[in-house]
Structure formats: structure tokens, C-alpha cells
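Visitor: From first to last, the protein sequence lines are chains E and B. For the first sequence, the residue numbers in this note's numbering are 1 to 272. For the second sequence, the residue numbers in this note's numbering are 1 to 296.
No lab work stands behind these hints, which were simulated from the structure alone. Hints are not guaranteed to be accurate.
As the list claims (entries may be wrong) - Keeping only pairs whose Cα atoms sit at most 30 Å apart, straight-line, the calculated DSBU-like set for lysine-lysine is:
# : chain 1 : residue 1 : chain 2 : residue 2
1 : E       : K217      : B       : K41
2 : B       : K4        : E       : K98
3 : E       : K170      : E       : K94
4 : E       : K62       : B       : K243
5 : E       : K96       : B       : K7
Keep in mind that this is a model prediction, so the values were computed, not measured.
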Amino acid sequence: MNRSRARYWSYIPLVFLAIFYLIPVYVMVMTGFKGGNEISIKEMWNLPHSFDFSNYKLAFEKLAPNLWNSLNVVLPAAVLSSILGSLNGYVLAKWKFKGADIIFPLILFGMFIPYQSILIPLVQVMDKLGLYGGLPGLVLVHIIYGIPITTLTFRNYYASIPNELVEAAKIDGAGMLGIYWDILLPISIPSFVVVLIWQFTQAWNDFLFSVVLTSPKNWTVTVALNNISGGQIVPWNLQMAAAVLAALPTLLVYIFLGRYFLRGMMAGSLKG
Amino acid sequence: MRNKKEKWLAFLLVSPSILAVAVFVYGFIGWTTRVSFTAWKGMIPDYTFVKLQNYIDLFTNNLRFQIDIRNTLIFTVIFVFGTLLLGLITALLLDQGLKGEGLFRNLFIFPMAISYIVTGVVWRWLMNPAQGSRLSGLNLLFHTLHLDFLNSLYTATPEWGMAFIAIPAIWQLSGYTMAMYLAGLRAIPDELREAARVDGATEFEIFRYIVFPLLRPVTLSAMIILGHMSLKTFDLVIAVAGKQLPLDMPSINMWQTTFDAHLYGSGAAISILLLISTAVLIIPYLFFSLRKEGQQ
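The shape of chain B in the complex, shown without the other chains:
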């Protein structure tokens, strides 16, 4: 009897949060989906049902959205691969019990604490594309060090400018993958490596055939988390590049289409496509993470 009352009280305690999430996450997603099927343009809501027209227009009649898809792909591939690689390298270097390990570790993680806006403001200056007598930023540094072959137009590079925005993103998040890989490496028992060494395996073979396969779950988790982050990238691009068409992303397109151009139907459709692409990554991830937890 008393237990039942307590259970009710417990439910009552979480119900405000459940309600808030139900409304602000699921209710709002539902509402946005509804807007994405309407002809709403301008300041006054217009819920005339137009079926999939907004989505069809995005894929058939919208150059900007094509640029967005291309940029998202470029950014995601370079950002995810670069962050994983740099994180793995730093983790392997630090997993040897060197003196000063803690200092390096803190140094590699601190960018995580900074906002994308700060990162973007600094890197925009570092990646100044000006040439000739106006050389500055990294290009100036490369010139002074006689490394002129590294000179680059960065985000002003035709077609591939987006790839360079991945550099500050890698700078900011490689500490995260490093921390995940370090935890993964520490979980591998020393006996395993010792046994391989006794059998005459080289250090590289040990990494290739023992360590790396054991790190696969870490790599997969990191890939999913980073992948979904890169789909959502917004502030960093704005801070590095402002709002330029060649460096556009779906998140920025949605913002401008909706709140500057007041094309609510189209903006809603972009955001729903963005949501679907994230959900495809995240839902299976949540499912497997929680199921694994349940088994333990």
C-alpha cells in the first residue's frame, strides 16, 4: 500500500521533466513536420497543405541545398576521419607512461572547453587567404619558416573551401577522441601484449592485429557521435566564414530560409531532413548502447 503511494510520488517527481521533453522535443518536432508540409511564406502562419512540395523543391529546384549536401559530405568525411586519426595518434603516444603525460593530455583536451565562436574567430584570422604583400596568419608563418609550399587559400579555395573549416573542428574535438581511445587502450590487459611479444610479434604487428581490433567499438562510438555533430555544425562555420553561399551548411540554410527569408515551409523541411539524417545515426546507437547496458 505504502509502496504504491511512493511509486506514484516518484512518477509525480519526474512528470514535469517528462512533460517538458514531450512538448519541447516531440511536440515541437511534430509541429515542425506539419509546417514542412505547408505553404507558409511570410510573417503570418499559413497552414495550407502542400504535401511533399517543399521537400521536392529542395531536391529538384534548389541550388543552395545541393551545395549544402556537398559541403556536409566534405566536412563530415574530413572532420570525422581527421579527429579519429589525431585522437588515436595522441592516445597511442600518451599511453606509454611518459613523464608529463598529464600535461599533454590536458593540453590536447582544453579546446573542448571553448566555444565554437571563439575557435572560429581565431582560426578565421589564422586561415587568412590574403596573398602577396598582405600575407598574414598561417601563410605568413609558413613563409617565415620557408615552408611556402604549405601556403593555402583556405576557405577561399574554390570548390573545396569547406574542407578547411574541418581543421578548427578537428583542433577542437580531437581531445575528445583521444580521451575515448585512451580509456579503450587502458582497458586492454597488458598480458595480451606481453604474450604477443613473447611470441615474437613486432610493436606494429601488436597494434595492427591486437590493439586496433580491440579499439573498434570505441572507433564506432566516436564515429557516430562525431558524425552527428558534423551534420549539425552551425556556429563554427558562421564564425569562420560568416554566411557565404560556397561555405553553406543545412543548419545555416534553415536559419536564413526561415528567419531571414520567412520561407517557413521550406526551412521546416530542411530541418526535418537534418533531423532524419541525425536520427539514422543516433537511434541505432542509443538502442545498442542501452541494450548492452541492460545485459551487464
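The shape of chain E in the complex, shown without the other chains:
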């Protein structure tokens, strides 16, 4: 009795915590709405007098090429690395060849390395291949370094499918590719959503690969945003509007597909 009433006190710390998590969003979104005559820092916590969209418009004009670059990198990278991950996961779960159990952890290790440790040869190789500075090179890099996590997620999912299902299909004369195409691929659509969302978010938010591998005209949105906010020249309300625009795509994905996002997050710590 006592206990069930006591738990309502929990709302007090929860509300304070909610404020802590929301403060940056409040400041970012509201400052973005403030017009040029309102950017006095004395008033930074006040609500804007009116909703002025001009910062967002200006920020969008500034960032549009970079948002486009990001989209052009992230979409193919997410789709292709998901397909590769699905094939790898299928083979590593259901068609284990000799050494598969050694190869799997070796692949996994690739998602934990600090990418600094591969950066020097990466730049050299990209340069040799004529991919340095451009977007296709960045796509390739995201696909390759995405293989570990996508393989992991799919392998864990396919491993949870009973082997009897595969064996029965084999008896019915289905081949390796047929079993994948007709049986496992259709039931792994939710896993595809998880992996696509995760790879989309990771690649969209990437900074290191983009800053090292792309030339200024090919900068993705994170690099461009960092560049805008790096100096003192760009006013705060414009910086905040730009930050909102850079955050919006992944945030929308989270709002609408949060359930899948969470599963990707857990898979990343081998808890899928």
C-alpha cells in the first residue's frame, strides 16, 4: 500500500530529468526562431516574440548542398551495407563453413576499432583509387566499416530461426539461395528496418570519415555545421537553426521508428 503511493513521488525527479534532457532542444529550436533584433544574450532563455523563420530559411540555403551530399552518401551506404550484412549473417548462421566461428569475431572487432588506426592507409588507398575527396569514396568507406554491425544484427536474427526450417526446405529441394530468398529474407524485414535505421543514423552523424576524406564542396552536413559554428562570424540564432536542420532527419527517424532504433542500439553492444 505504502509502496504504491510512494512511487508517485518519482514524478518529481522524472520531471527534473526531463527538463535536463530538453534544455538543449529548447535553446536550439527557440533561438533558431529569434529574429536579428532579438539575439541579445540577456534574453536567450526567453521565448521568441514571434516565430521568425528567416534563420531557418537562411540556414537551409547555406546547408542545402551539404544536406544533399549527406543524403547521397547515407542512402546508398545504408542500403548496400544492409544487403551485405544480411547475406553474411545468413551464411554465418546457417551455412557455417570451416573457420566461420573464427571469422565472425574477427569481423566484429572491426566495429570497435578507433578509425584513426586505419586512416593513413585509407587516405593513401582512396587517393590511389581516385576516390579521395569525392562522395563515392565516402559511400564505399561507410559500407565497408558498416559490415561488422550489419552482419552481427542479421546473424543473431537468423541464428534465432530454428534450423529445422532450413533443413525441411533442403529436403524439399530448395537450394542455398532459394532458402534465403523464399524463406529467410521475407521474415527478416524487421531486421532490415533495424539495420537500415541504424546505418542511416550512424552515417548521417559521422564526422571523422567525412572531414578526412571529402573536399569542401563534398562536405557532409556535420562537417559543414562544425565549420559554420567554428568561427565567431555566424550569429547564434543562425548556428542554432543550422544545428536543428542537421539533427532533424535522424530525429524524425527516431520519432517515427524509435522501437527499431532501440533494437539497433542494443545490437551494437552484442545484446541483440
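Given chain E, work out where chain B should sit, using these hints.
Guide: Showing chain B alone in chain E's frame:
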């Protein structure tokens, strides 16, 4: 016969990925290791073998690297401890079946979806160290609420500036530990707590002697994942602080040493040390996670 052919086909299907990882992860690590043993300075590769000289120089003759080690330690301790604690608190608060639980849960996790750069840009403004008439950001908020004792210089604090960069990092990742703890809490059978209650245990005792020990594996996993993330921290520091020597990290040092100063040998050595420190955490973790999975 047919089975054998299928097995070959299966192997063929994964071989491009295996090859890519072999080259881009292991081949490249090998190459970086080689560079770290050379005298390569400048734009043109120079593979003159200098043994461990680059490593020795980092530890004996490089003030910046000493700052990096110190900053990594400060950041890691505060970030890992803070993220675990906040995640545990939020998980415990939400594990009571309250109304609105889903809303709070989503609210605590959403920062995970945002890039470190966005987080850094906003928090840099919030943690503006300006004082007096130029008071702004959180300091201004504290002043308005008559909480001036909370006023801080944040990242401009001498010696301890790095500790404040852990705050946005905690903000961003505590939702992750919360989700892990919530899953851990939900796995504890209610009967266990009921039995303790019947025996007269207080809620705190139940937490201290039953729940908390059962959460130990979750804590350990989270510690390893967060610990290896904090070693690699790069974008957040750049977005909050730019590239300042007092707020340097090995990842930033490597980047500037290699691509700005063109000291490839030294940059490679930093990155290999970074790799070793991550591997020390991750390899045993991978080993035990996969072995446990094999037993199930």
C-alpha cells in the same frame, strides 16, 4: 555432392565482405603499425625504419601526449561513471510501471539519435564561460534562478576543463545505459523481490542486496562499451571546444599530427596506442560474449 557445392557458394557469397574487412581493417592496421616504426615526416612517404623511436618520443618528449593521457583519464572516469549512474537512476524510476513511462523513456533516449557535432554546438553555447555583463547560457539561467553558486567556467576551468565535456556526453548516452538497465531490471523475476519483502526487507535493502548484484553483468557490459567509446571521443570535443591544447584528446592529436603537421610516423604511433587501449577492453569482451552465446 550437392551440399558441398552449396557450401562453396555460401563461402563465395561472404568472401567479398571477408576480403574487404581483411584489407580495410587488418591490412590497414598492419600498414599503420608499419608507418609507426618509420621516420615518415612530410608529404612524401619515407619508410626508413626507426624502431620504437616514435613511441619513445611520445612518452618521454611530448607534452601534448601527456595532456592527452590526462584528459582521457578525466573524461573517461566522469563520463563512464556519470552515464552509468544517470542511466541506473532513470531506469529505476521508470521500472515502477508509472503512467507516461513510454514518454519519459523516449525523452531520455532521443539524444542518441543526434550527432555529436549538433550536441557539441548546442552545449558549447550553453556552457559559455563568459562572466559579468556578458553572462550567458547556463550561467545566465543559474543567475536568473538565484543559483549563482552553480556558476562555472566550464571548459575554460584551468586543469579540469575536460571534465565538463563529459556533461554533453553523459546527456547523449545515458539513455543507452538506461535502456540496458531497464532490460536487466525486467529480467529479474518479481517473486524474488516479493519473497524479500515478505521476509521484511526494506526497498533499499532489496535494491542493495538483490537487484544491484543481479545488474552487475549489465554494468560491466555498459562500462566496457562506454569506456571504449570515451577513448575514441573525437567529434564531441571538436564541436564543444575546437582544437585547444588544454582540451586535447589522442584522437585529435593523431589527426592534427598526421594531416596538419604531416608527422606520419608519430601520428601512426598515437593511433596504434589508441587501438591497443581499445583492444584491451574489447577483445576479452568479445571473447566472453560469444562464448556465453555458444553455451546457450
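Visitor: None of the hints should be skipped; say for each whether it holds.
Guide: To see whether the hints hold, each was checked on the structure:
Between K217 (chain E) and K41 (chain B) the CA atoms are separated by roughly 28 Å; this keeps the pair inside 30 Å, and the hint holds. Taken as a hint, the K4 (chain B) and K98 (chain E) pair is honoured in the structure, with Cα atoms around 12 Å apart against an allowance of 30 Å. Note on K170 (chain E) and K94 (chain E): the hinted pairing holds, with a Cα-Cα distance of about 12 Å set against a maximum of 30 Å. Proposed proximity of K62 (chain E) and K243 (chain B) is supported: the alpha carbons are some 24 Å apart, at most 30 Å.
Between K96 (chain E) and K7 (chain B) the alpha-carbon distance is near 8 Å, which keeps this suggested pair within the 30 Å criterion.
Hint compliance for this structure: no hint is broken.
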